[in-house]
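Construct the complete structure from the given sequences, taking the supplied hints into account.
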Amino acid sequence: AQSVTQLGSHVSVSEGALVLLRCNYSSSVPPYLFWYVQYPNQGLQLLLKYTTGATLVKGINGFEAEFKKSETSFHLTKPSAHMSDAAEYFCAVSDRYQAGTALIFGKGTTLSVSS
Amino acid sequence: DVKVTQSSRYLVKRTGEKVFLECVQDMDHENMFWYRQDPGLGLRLIYFSYDVKMKEKGDIPEGYSVSREKKERFSLILESASTNQTSMYLCASRTRGLNYEQYFGPGTRLTVT
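Line by line, the protein sequences are chains A and B.
FYI, the numbering for the first sequence is 1 to 115, going by the numbering used here.
FYI, the numbering for the second sequence is 1001 to 1113, going by the numbering used here.
It should be emphasised that the hints constitute simulated quantities derived from the structure, not laboratory data.
Don't take each hint at face value.
[Stated by the list, open to error] Here are some chain A residues the structure puts well away from chain B; computed CB gaps all over 12 angstroms: (1) Lys-68; (2) Thr-72; (3) Asp-85.
[Stated by the list, open to error] Here are the computed distance ranges between Cβ atoms for each label pair: (4) A/Gly-16 x B/Asn-1099: 29 to 37 angstroms; (5) B/Ser-1008 x A/Gly-16: 38 to 46 angstroms; (6) B/Gly-1016 x A/Ala-17: 49 to 57 angstroms; (7) B/Met-1054 x A/Ala-1: 16 to 24 angstroms; (8) B/Thr-1005 x A/Glu-64: 28 to 36 angstroms.
[What the hints assert, rightly or not] Residues on chain A that point at chain B, a partial pick, calculated with CB under 7 angstroms: (9) Gly-43; (10) Leu-44; (11) Thr-51; (12) Gly-100.
The beta-carbon is built from N, C-alpha and C at its ideal position, and this holds for glycine as well.
Dropping the structure here:
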C-alpha cells in the first residue's frame, strides 16, 4: 500500500517569507501525487497534482511542488507567504484497493503566517 | 462548476441513534468516497464506491456502512452512533483513473453525545 508522511504538523512563517511544506511518499510503483488545502470550516480544494511529465508542477495561488523520485519527495513551496495562505495542507497519493482507487492522505500540516 | 454537497454542515446525535449522512455530486463521477477527519490523524478513508451498488472498504470501516442506489448519491450510515464517532466527515467524488483528483464537499461535523 502507498503512504505519505508530512514532516512537521505545524509550520510558522512571517509574511513574505518562503513557505516549505514537506511530503515524502512510499510507493512501489510510479506515484500520482496531490497537494490539497483546507481553509477553516471548508472542504479540501486541490492546489496541484503530479501525474507524469514535468517534475516541477505549478498550482494555484503561487504554489508549486517538485517531484523527486530519488528522494521520494513532493515538497510544496511558495516564494512569498501571504496572510491568506494560513490553512491546513494535505499531501496525498493515489492508491489501489481491490476493485478501485482512492487518495491516501498524510496527517496534514497547519501553516501559520504572521505579520 | 463541479459540485459535491453534503446534507448537513452540523449534526448532533445521541449515543445509539442511527445516523445517515448524505452526499450528492453533479459531475456524473463513477467514484465516491467517505473520509473522516480528526486532529492529528488527517483524513482516513472509511468506504468508497466505484459504481452504483458497488462498494469497497477503506482503512477504517468498522462501525459504518454505506449505500449507493443512484450514481449521484452516496450515503454513510452509522448503525448505532457512539461517542468515538464524533468527527468531521468529508465526502468526495472522482472520475475513473488513478491520475484524477478528488472533489470534496464542505464536510459534516457530527457530534455524538
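Structure-based check of all given hints:
| no. | hint | result |
| --- | --- | --- |
| 1 | Lys-68 | holds, 19 angstroms |
| 2 | Thr-72 | holds, 18 angstroms |
| 3 | Asp-85 | holds, 19 angstroms |
| 4 | A/Gly-16 x B/Asn-1099: 29 to 37 angstroms | holds, 35 angstroms |
| 5 | B/Ser-1008 x A/Gly-16: 38 to 46 angstroms | holds, 40 angstroms |
| 6 | B/Gly-1016 x A/Ala-17: 49 to 57 angstroms | holds, 50 angstroms |
| 7 | B/Met-1054 x A/Ala-1: 16 to 24 angstroms | holds, 21 angstroms |
| 8 | B/Thr-1005 x A/Glu-64: 28 to 36 angstroms | holds, 31 angstroms |
| 9 | Gly-43 | holds, 4 angstroms |
| 10 | Leu-44 | holds, 4 angstroms |
| 11 | Thr-51 | holds, 4 angstroms |
| 12 | Gly-100 | holds, 4 angstroms |
The structure is consistent with each of the numbered hints, conforming to all of them.
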